[in-house]
Amino acid sequence: MTNNSAPLLQMQNIKKDFFGNQVLADINFTLGAGEVLGLCGENGAGKSTLMKILFGMDVIRETGGYGGDILIDGQKVEFKTPFDALEAGIGMVHQEFSLIPGFTATENILLDREPKKKNVISQVFGDRLDTLDRKEMERRSAEAIRKMGVEIDSKMVISSMPVGHKQFTEIARELSKDRLKLLILDEPTAVLTEKEAEALLSSIRSMAAQGISVIFITHRLHEILAVCDKVVVMRDGHVVRDVPAKETSVEDITRWMVGRDVQQSAAAQTHGKVQGDDAKTVMSIRNLWVDMPGETVRDVTLDVKEGEILGIGGLAGQGKLGIPNGVMGLYEAGGTVEFDGQKIPLNSPRKCLDSSLAFVSEDRREVGLLLDESLEWNIAFPAMQIQDKFLKKLFGGLIKWRNEGAIRDVTNKYIQELQIKCTSSQQKAKELSGGNQQKVCLAKAFALEPKFLFVSEPTRGIDVGAKSLVLEALKQFNRESGVTVVMISSELEELRQTCDRIAIVSGGRVAGILPAAASSEEFGLLMVSQVI
Amino acid sequence: MHQVGYAIGLRYWLNKMGYPRLIISGFLLLLLIMTPFVGVNLPMQITNIINRFSWNGVLVLAMVPMIHSGCGLNFGLPLGVLAGLLGGTLSIQFSFERFGAPVSFLMAVVIATPFALIFGGGYGWLLNKIKGGEMMIATYVGFSTISFMCMMWLLLPYTSPTMVWGLSGNGLRPTISLDGFYNQVLADFWKIDFEKIAGKLDVDLGPLEFIKIPTGSLLMFALLAFLMWAFLHTKTGTAMTAVGSNPTFARAAGIDVDRIRTLSVIMSTWLGAVGILIYQQGFGFLQLYNAPNNMTMPTVAAILIGGALVNKASIGNVIIGTILFQGMVTLTPTVMNSLIHTDMSEVIRSIVSNGMILYALTRKTEGSK
Amino acid sequence: MSGKNNASVGSRLLDLVRSNAVPIMFIIICAIFIPMSGLSNSYLINEIVTRMGRNLFLVLCLLFPIMAGMGLNFAMTLGAMGAELAIIFVADLQIWGIPGVVLAMILSIPFSAVLGWICGNILNMAKGREMITGYILNFFMGNGVYMMVVLYIMGSIIPIAHASIMLPRGYGIRNTVSLLHMRQCLDDLLAIRVKGVKIPVLTFILIGLLCLFIVWFRRTKLGQDMRAVGQDMEVARAAGIKVDRTRLISIIMSTVFAGFGMVIYLQNMGNLPTYTGHSQIGMFCIAALLIGGASVEKASIGNAFLGVILFHLMFIVAPGAGAYITEDTMVGEYFRVFLSYGVITVALIMYEAKKRMVKSKAGQELAEAQVRAGKEAAK
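Protein chains in written order, with this note's numbering: chain A, 7 to 538; chain B, 637 to 1005; chain C, -19 to 359.
No lab work stands behind these hints: they were computed from the structure. Virtual Cβ for every residue (Gly too), placed ideally from N, Cα, C. The reader is advised that the hints may include incorrect statements.
Claimed, not checked - Keeping only pairs whose Cα atoms sit at most 30 Å apart, straight-line, the calculated BS3-like set for lysine-lysine is:
hint, chain 1, residue 1, chain 2, residue 2
1, A, Lys436, B, Lys948
2, A, Lys357, C, Lys335
3, A, Lys349, A, Lys481
4, A, Lys161, C, Lys278
As the list claims (entries may be wrong) - Covered stretches of chain A, as calculated for chain B (at least 3 residues, CB under 8 Å):
hint, region
5, 247 to 261
6, 391 to 405
To be verified - Just a few of them, taken from the derived set where beta-carbon distance is under 10 Å, the chain C residues facing chain B:
hint, residue
7, Ile112
8, Leu117
9, Asn118
10, Phe119
11, Arg154
12, Ser158
13, Leu160
14, Gln164
15, Ala219
16, Met263
17, Pro299
18, Tyr314
19, Phe318
20, Tyr321
21, Ile324
22, Ala333
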């Protein structure tokens, strides 16, 4: 409120690259005091990176900082840590809760900012021995809760709260900070029930009325229209639209979010191997639910045709990743899955692998690789264990001895085929770059010679060159070996270039299946159709 | 790979071996160099080291399977030791020495085996319930079982007069001499005794006559180590290593992680049982009650000194570690004693072995997790 | 709240039993053993009161690291070693009685603080494995460094004036240092006798003061920070709490108070077993706390009191009961050791198993909710 002529926040020409990979370019927008700004865009559009820059997160500094200026009240600022940002009056509510489970709401709201009373001992030993002023704590938390406008029990312990109240506790914590001028809410409604979400929206309005500016990130576009003064749409690291909320609609925003120029989707036609309805259904999934944290699948029914490449797309957290993880038995799942007319028991990775299914996980480091072992082991291990390949049988099969020669041969074969950059087949997997690690994961699956392959986020975190190589390898594998491929990706464009049909998952359900040539708008509408 | 000059540099060895192992190797080397100057009989000391290696080698080997499967350092070694003790005492009870000392030993191993399988199976089942907290719980499972067996040694109806208390006639003695049973049964097999050779050839070998090599024990260790090495090259062995390296990867590759872990615990326990029997036949006594407690720390320390990590170990680690640790144990008291007339060996051993374990526990760069 | 009231008395009782299974089990054990042991009630009460005075202070020290989420502090023996060093110097200075005790407590502070500082830093390097690391550290210090100092350096490098506490060889401290002139001087001052039971009032006042301190400490900023760090280090760090420092302080506090506790313990015993005095202290204190119903992540002053009473009652009556059942006194000796190890083992297993159970249960509930929602949607 010092200088009303300058807006509260100005972002000027913000740029950011991760090791040469440009993720943000020329971001410009302003936000006035008491305004609510809706920020939307597909996953990977750069929203969270932008917010990390604004909030001074460590990752940004560790990866070489950013370009451009951030101005607060007309003054240029540069936050080295989140604490600097807090100091300047910026608060952020992250997607993951940051609460102490055994503390009450009040204790969490005032965590590390508790009002204290001096005493004799603390005079001698320092102020960490000041006693807490419980009355004052109650008063302040009640004030913050009142400011928020949603009723929560300040004495309730977090671990026994419903999930929505945890979210409100987080918001109240930010509001309890006296300096708070700008509040960033990163998908706050994702965990809320409809009623709670409504309460949150009205609380956002009341915050704005009290002069606090809000940046509101969400995939629920109608919420943006209901509460925001202006909408900023991002795509591929650029701001593509910056318009007042009154002048736009859900359809417009969707188009801006996903919309590429129409001619690009022609690429899909080039491999056009469009299956008719008569193609054999090789896998049928019925009423699948999967308990994968953050990617819950609620009720998926899906048919996969023999020999096709089926894409599964959708926004993050909507459950697209849960489908392969559930079918392959890595997370608890229920429902029925039939493959080649045979029922596949769930929750048993071994049974799936035995029926010639294979899976390339999106989590390379945890699930995909033996980081501390050689490439040979990584590539040959599943095939050795499942199909007894690369083994010498001694004493009439009594002893199954590792055949190092065969392992080396197959590893070298895939190193050549997939152009894996490494010093030798003995190199440890952890020493490779992300793209090459991904190729090792593919090689591992190829070595199983499966009939059916799930590939989850095959291009996540790898550079452009490796990306096209990986996609090309998948297509080739599909064409030459006649393997059915289901590819799950957050990048719609990538799916449209690679797949025959694309299923869009929204709210843990299949929202619809479209041919790859369908327009971006149609995909966009499906993506947000059942978002919860 | 590296330039020769670089290999001589201190930093090269530091990176390759880590501080503690380098310090211990240096210390041992220093002791060895000093032996002639302080008037200690070097050949006798070397015989001592070889002997102690032959006693302890298999116990250290018992660490390998559990480290490989990611169960961590086997602080539950006492379970295996107790299985071995049951085998040993029962073999004496049933007087298998009637058929000769080797049979007595063999039967001890045979009888110990079902106990090791049962203990190991139960222990493995338990460790699968508490993944992540294995080491602390293993320690206390060891303690509880030892104190439980303390009661059992008193209550079980053993009758062999060599083992029970003379006066009351029931309850086992804490230390039982194995003379007349399986004492030295492996060590005497193809024993190379330079003194006897010198006597036969009628030549004077000087101090070399002190060298005696317990060939049988060493061969037994070599056999078990070879089997271990071979196992790690089989399909199941490969799966075990993968489970230790990254359990999630192994699960995704269709491995039953719990089954592999249980198998590794059973193997470790069995090797512990055989290990303690080999230790006894070399040492000459069977020690009951709280004695198994004293086996764990030196054994864990030995494999760590050999260069093993909390989730990576090789046969090489076992051999190097046992030699270094036992070398230190034998040389320190004698050299120190003749040098400063004080026996600080117990203290030094304690600092080295526990320090080694601490170092391994506090290292951030162990494995991917 | 109303839901809770509606729950049947039976199920609430069951819950009560389940959450206090360990203390209840030990109450039963003691109830069976007391008549078997043939010990008189007055003897038992006398012993228990003495042992409470002797041990409670030490047991209470364990509460600080539990508060900070560092589990059972197996390295509390470091504080005991600090106190032993202090006592050796006091004995060498020949300052006895209450001044001796006070001086020993003051002298123990620097020793314990340094040892605690080392311990805290090492434990900060081994997050997630604090207990096993503390356990090994206890051996490293106790059988290694402490032995080295007391057995070889004292008398040779550190001057020791009185030959009476030295080994005949001219350096190193004797296996037992007599504290005859210090024996129970704290307990006897202000002591009162009730029906033949001596109550060491001053000692209990000291214990009471520590309890008050603990209660007060929980209400301070530092206490609050410790609880926060104990529950979630990452969240606490994000909120600006210095996690490593807080953990370090909790260990130093535990070690320093353990030093005081050890001085109280030793003045009651009346002699210092130089090389073995500390070795069992940690294990006995931890077993007592756990028997009192504490767990690895949660412990209260009440757990400490109940635990000390039950543990020592069991300890006193077990040999007699063992002899009664098996006609062999040794069996009882081993049985009580077995029970103390056993209770620690069970507590550790329950702690780890619960951690896993909470995880899988959360998953199950989620899945069930989905099925239900799915069914409803199908209708």
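Do the hints match the structure? See the list:
In summary, the hint linking Lys436 of chain A to Lys948 of chain B is supported, as the alpha carbons are separated by about 16 Å, within the 30 Å threshold. Distance check on the hinted pair: Lys357 of chain A and Lys335 of chain C sit about 29 Å apart at the alpha-carbon level, within 30 Å; holds. For a cut-off of 30 Å, the pair hint linking Lys349 of chain A to Lys481 of chain A stands: about 27 Å separates their Cα positions. At most 30 Å may separate the alpha-carbon atoms for a hinted pair to count; Lys161 of chain A and Lys278 of chain C meet this at roughly 20 Å.
A stretch counts as covered by a chain when three or more of its residues have a beta carbon under 8 Å from one of that chain; for the region 247 to 261 of chain A and chain B the count is 0, and the coverage is violated. Coverage of the region 391 to 405 of chain A by chain B holds. Counting CB-CB distances below 8 Å, 5 residues qualify, and the rule asks for three or more. With its C-beta approaching chain B no nearer than about 4 Å, Ile112 of chain C sits inside the 10 Å limit, and its interface hint holds. Look at Leu117 of chain C: its Cβ gets to within about 6 Å of chain B, closer than 10 Å, so that hint holds up.
Here the hint on Asn118 of chain C is kept, as its CB sits about 9 Å from the closest CB of chain B, short of 10 Å. Taking 10 Å as the C-beta contact cut-off toward chain B, the hint placing Phe119 of chain C at the interface holds, the least distance being around 5 Å. Below 10 Å, beta-carbon pairs count as interface contacts, and Arg154 of chain C has none with chain B, the closest being about 16 Å; its hint is therefore violated. With a cut of 10 Å, the hint placing Ser158 of chain C at the interface with chain B is violated, because the nearest CB-to-CB distance is about 24 Å.
Residue-level restraint check for Leu160 of chain C is violated (minimum Cβ-Cβ distance to chain B is 29 Å; threshold 10 Å). With its C-beta approaching chain B no nearer than about 31 Å, Gln164 of chain C sits outside the 10 Å limit, and its interface hint is violated. The interface hint given for Ala219 of chain C is broken, as the beta carbon of that residue sits about 24 Å from the closest beta carbon of chain B, more than 10 Å. Satisfaction of the interface hint for Met263 of chain C is found here, the shortest Cβ-Cβ separation to chain B being roughly 9 Å, below the 10 Å cut-off.
With a cut of 10 Å, the hint placing Pro299 of chain C at the interface with chain B is violated, because the nearest CB-to-CB distance is about 12 Å. Interface restraint check: Tyr314 of chain C against chain B, minimum CB-CB distance 4 Å, threshold 10 Å, status holds. Interface hint status for Phe318 of chain C: upheld, as the beta-carbon distance to the closest one in chain B is roughly 4 Å, under 10 Å. At a threshold of 10 Å, the smallest CB-CB gap from Tyr321 of chain C to chain B is about 4 Å, leaving the interface hint in force.
A cut of 10 Å between beta carbons decides the hint on Ile324 of chain C: the least distance to chain B is about 5 Å, and the hint holds. Evaluation of the Ala333 of chain C hint against chain B yields a held restraint, the C-beta minimum of about 5 Å falling below 10 Å.
This entry does not satisfy hints 5, 11, 12, 13, 14, 15 and 17, going by the numbered hints stated previously.
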